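Participant: Listed below are the residues making up each chain.
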Amino acid sequence: MLEKFMNMDRRIIFILVALVVIIPTLIPVRLPITVSEPTQKLYDFIEELPSGSTIMMAFDYGPSSLAEPEPMAKAVMQHCFSKGVRVIGMTLYPNTPTLADKLMRKIADENNAVYGQDYVFLGYRPGTLPVILGMGTNIANVFETDYAKTPITEIPIMENITNYDQIDLLLDLSAGSLTEAWIIYANTRYGLKIAAGVTAVIIAQMYPYLQSGQLVGMLPGYLGAAQYEKLLNAPGDGTVGLNTASFAHLLIIVLVILGNVAFFIRQEREA
Amino acid sequence: MELFGIWVAAFLTLCIYSFLYRDNPFYRFAEHLFVGISVGYGIVIAIHQGVIPLAWEPLSEAVSALWTEITGETTPEIRSALWGLFKIIPIAFGLLFFARLSPRHNWLVRYPIAILIGFGAGIAIPNMLQANIFEQTRATIEPFGAIGPFVDVPPEARLSALDIFGAILMVIGVICTLTYFFFSVEHRGPINWLSKVGIAFLMIGFGAAFGNTVMGRLALMIHRVGFLINEWIGSFGALF
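Chains A and B are the protein sequences, given in the same order.
For the first sequence, the numbering used here gives the first residue as 286, with consecutive numbering after it.
For the second sequence, the numbering used here gives the first residue as 169, with consecutive numbering after it.
Just chain A, with the same shape it has in the complex:
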């Protein structure tokens, strides 16, 4: 029995994981969500911004990792538009411009935000470091036009914005290590306030920056998106994803415990 369990076909585990993901997707269950401090900090920061403030959102994720950052982007943009905070979008990922442009326009349409006045998408420029550093001196030197090729001198939202001095916050929605680049170059060198919306894989890397105050706040994966949606009282993709993930986590915890128990029993028998 024990040997059978230890040598179980891994495909049985795949089927179990698939079931705990599919069933809650078909039959949505609403689990309680507690807001964590990093999410609360970001929410409070944006909440305290006066109308007419500007935040920059860096869509630093690719199509293969959009599951987590997209709900975060939706929630934060919804919050910004409801408060009259303007949003400037850009990306350091070559595969993201179309995705980010489409997402911004969709959320803006849902919130009656006007392109050029309430938000703009600058697009992508190659070279991470020169882009981050260049915008610290003059954004127009890096992005002479927006993604739709309109000169940024003709875009009303960019009228009084020269560099990071006029940006109140940068939110980096990241699926990699680019948040660190923003912290090291934009925060350390130019004093730009930075928040992160990161995929779960890199949450642990970000906590030291949060503790030191180099990050204003953080949205950790689906959890962060769900918590932000709760603060906005507008459940969305993050809430749905987190509820489903909770069941899958439960299964994985049970499997880890069973695996360990079986391992120790076998070790004891062999001894």
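Hints are not guaranteed to be accurate.
Have a look at the derived ranges for each label pair, beta carbon to beta carbon [claimed, not checked]:
1. 305(B) / 476(A): 16 to 24 angstroms
2. 398(B) / 540(A): 24 to 32 angstroms
3. 371(B) / 433(A): 44 to 52 angstroms
Lysine to aspartate or glutamate pairs mimicking EDC-like chemistry, simulated, CA-CA at most 20 angstroms apart [what the hints assert, rightly or not]:
4. 387(A) / 399(B)
5. 326(A) / 331(B)
6. 368(A) / 429(A)
Residues on chain A that point at chain B, a partial pick, calculated with CB under 8 angstroms [what the hints assert, rightly or not]:
7. 352
8. 379
9. 409
10. 413
11. 470
12. 499
13. 530
What the hints contain is simulated information worked out from the structure, not anything from laboratory work.
Please read all numbers here as calculations on a predicted model, not as lab measurements.
Yeah, the Cβ is synthetic: ideal placement off N, Cα and C, and Gly gets one too.
Please arrange chain B on chain A, whose structure you already have, making use of the hints.
Facilitator: What follows is chain B alone, placed relative to chain A:
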């Protein structure tokens, strides 16, 4: 057209997940298609968002301005466009990367690499030290400045018992973990104990990272399952 896109995406998603059963031609087809499209799309975007606006357009404007200057019909705008000619220098250095393709001239690639490394190191070292060493050290020590009653801080700014415990734990973790990576002294006696505690902290860190990784991978699966159920199966009604 949108329906067609949904069906293509659903087919490719199922092709990728078929690997969970075993490696098969459908999986390999989807994998190669994904890699090819990602690279191709990335190159096209880099050309349209990078090469054309940053190199080609300013340079071609500068060349036509130069021609106008030569023919004598000049204006202040044309004069300012002439500055674009200076872009020839970084473009030329960038093009030297292609010298790698020629065995006779591949030594030329050292120049752009030297510039990149020099620029990168010069920019990175001070900022990285500030962000990752000085700021992190400050954040580790700073809480001790708010522990009353030993330090003169207003009561409302004093740390709670839990915060004090956290601050002490943080310092213990930092010292023990650094001790584990300190190889100039043999790990015996108290040093050995400190490094063992350091290993425990490292393991907790790795455990947290692993747990988060599982969470991240599940998020990707949940997203795809949500797509298959809501959009793909949801599109059956429009089709049949």
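Participant: Which of the stated hints cannot be reconciled with the structure, identified by number in ascending sequence?
Facilitator: Structure breaks hints 6, 10.
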